[in-house]
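Going by numbering that gives the first Met the number 0, 122 is the number at position 123 of the sequence shown; the sequence numbering is gapless.
Calculated directly from the structure, the hints in this document are not laboratory data. Values in this document were obtained by computation on a predicted structure and should not be read as measured data. One or more hints might be untrue.
Said to hold, decoys possible - Think about it this way: if two alpha-carbon atoms lie no more than 25 angstroms apart in a straight line, the pair counts; the simulated BS3-like pairs of lysine-lysine are:
#: 1; residue 1: Lys126; residue 2: Lys54
#: 2; residue 1: Lys126; residue 2: Lys47
#: 3; residue 1: Lys126; residue 2: Lys70
#: 4; residue 1: Lys185; residue 2: Lys47
#: 5; residue 1: Lys54; residue 2: Lys183
#: 6; residue 1: Lys170; residue 2: Lys126
#: 7; residue 1: Lys183; residue 2: Lys47
#: 8; residue 1: Lys170; residue 2: Lys94
#: 9; residue 1: Lys94; residue 2: Lys70
#: 10; residue 1: Lys185; residue 2: Lys170
#: 11; residue 1: Lys126; residue 2: Lys176
#: 12; residue 1: Lys70; residue 2: Lys170
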Amino acid sequence: MQQLHLFNPSESLRFPENLLEFYPDFLPGNESTVLLEHLAATVPWMQKRIMMYGKELLTPRLTAWYGDSGKSYAFSGSRFDPLPWTPELFALKEKIEARTSLTFNSVLLNYYRDGNDSVAWHGDNEKELGQNPNIASLSLGQARQFEFRSRDDHAARYALRLESGSLLIMKGDLQHKWEHRIPKSKSDSGRRINLTFRTIY
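Based on the sequences and whatever the hints tell you, model everything.
Structure representation (structure tokens):
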């Protein structure tokens, strides 16, 4: 696990690093590349319609939801019913659980086809995830900027670049006090798949 140093250079306030764990080389490069190609070709990707800021919009990325039977997930007016685990996804789940001593029963996959795909500011604080959810985020492919901002002070922003094969654990009350996003990028034009392993109660 790598020590994080997340801060806004213009401020003395540091990001509460106890809310994150970061494993930059969780998967080796060749394994990450093979897995990216496999998931891009075999997952039944969907482009969901969600409610955001009072409007129905198409998500600027493709998604899929896998997990234990009955572990459905709903957010932004959209419902995800899980597909059964594939051998590859279940093996990844077990590998992450072994490294982190956490347990998960589902995974949300996001496919960012190029730098125009993104995810807006949000927090994963739906009631199905429990009070202070642990979320394991695995990145494959194109490195992208992962940004945080305080819910109480949007000027307090912090960023972490997520390289292929890196694993980020979000924990504690982060989802309640901070929001996060993947912004659009003109320079990061390659494909990226992100897998966020969760526990649905």
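Which numbered hints does this structure break? 10
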